[in-house]
Amino acid sequence: GQNIDQPTEMTATEGAIVQINCTYQTSGFNGLFWYQQHAGEAPTFLSYNVLDGLEEKGRFSSFLSRSKGYSYLLLKELQMKDSASYLCAVRDGNAGNMLTFGGGTRLMVKP
Amino acid sequence: SQTIHQWPATLVQPVGSPLSLECTVEGTSNPNLYWYRQAAGRGLQLLFYSVGIGQISSEVPQNLSASRPQDRQFILSSKKLLLSDSGFYLCAWSFFGAFVGMNTEAFFGQGTRLTVV
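Protein sequences, first through last, are from chains A and B. With our numbering, letter number 62 in the first sequence gets 62, and the count goes up by one each step, no holes. Add 1000 to the 1-based position in the second sequence for our numbering, that's all there is to it.
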């Protein structure tokens, strides 16, 4: 199985940069995903990493180090609408590509 | 294109009553299917996942059960609801058996907000 850890809450200022970390332990790593979830809504896909390095998509970037079992999501030029929960999820290739989610990091963006 | 349907959107049920939530996927075959639960302000807790018809894996012991009677149908049930079963239930699907590097993100239904009273 997987053990996925991420901070419970973070606060940042509008226009700033914030980094949300995620560490994991898994036997059959086959990809790491980041999702955004606004309160009361379903999660929406943000990014995907399966090889080491940085993937950039506009204001959002995600980094992966497989040897360290570590990923981060970087949000630049924060906007108020970025206030949401950010979920790290790991896919297990030894279990039919089952996705297991971390507890999520609730980000509050303040003016 | 693929779509996922989950219903109902909201549900209020008394303690001890049965539960049946249904999820169907269209536009793909042999998907992985998942049921997650999310308590208020918390992350997603994997309840069940399925890699094929009749194949159900349970992650958390509880009074809930899941069934997959057809390839693209996933049902979450309970015979007697508890107060602690209240939460936001999400069904999701992903492609099965992806090779390394293939982006097989999970696609979520809109969720069912269950309140047990």
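Bear in mind the hints are in silico, worked out from the structure with no lab data behind them. All residues carry an ideal CB built from backbone N, CA and C; glycine is no exception. A few of these clues could be false.
Said to hold, decoys possible - Heads up, incomplete: computed chain B residues facing chain A, CB under 7 Å, no partners named:
1. Thr1003
2. Trp1007
3. Glu1026
4. Gly1027
5. Gly1043
6. Leu1046
7. Tyr1049
8. Ile1053
9. Gly1111
10. Val1116
Claimed, not checked - Examples of chain B residues lying across from chain A (beta carbon under 8 Å, computed):
11. Glu1022
12. Thr1028
13. Tyr1034
14. Arg1042
15. Leu1044
16. Ser1084
17. Ser1086
18. Leu1090
19. Ala1106
20. Phe1108
21. Gly1109
Hints versus structure:
1. Thr1003: violated, 13 Å
2. Trp1007: violated, 13 Å
3. Glu1026: violated, 17 Å
4. Gly1027: Hint on glycine 1027 of chain B: violated, closest Cβ of chain A at ~17 Å, above 7 Å.
5. Gly1043: Given a least distance of 3 Å, the restraint on glycine 1043 of chain B holds.
6. Leu1046: holds, 6 Å
7. Tyr1049: holds, 5 Å
8. Ile1053: violated, 13 Å
9. Gly1111: holds, 5 Å
10. Val1116: Hint violated; valine 1116 of chain B Cβ to chain A Cβ min 18 Å, cut 7 Å.
11. Glu1022: It is violated, given that the least Cβ distance between glutamate 1022 of chain B and chain A is near 16 Å, above 8 Å.
12. Thr1028: violated, 14 Å
13. Tyr1034: It holds, given that the least Cβ distance between tyrosine 1034 of chain B and chain A is near 7 Å, below 8 Å.
14. Arg1042: It holds, given that the least Cβ distance between arginine 1042 of chain B and chain A is near 6 Å, below 8 Å.
15. Leu1044: holds, 4 Å
16. Ser1084: violated, 18 Å
17. Ser1086: At 14 Å from the nearest chain A Cβ, serine 1086 of chain B fails the 8 Å test, so the hint is violated.
18. Leu1090: holds, 6 Å
19. Ala1106: Since the shortest Cβ distance to chain A is 5 Å, the answer is holds.
20. Phe1108: holds, 4 Å
21. Gly1109: holds, 7 Å
Checked against the numbered hints given earlier, this structure breaks hints 1, 2, 3, 4, 8, 10, 11, 12, 16 and 17; the rest are met.
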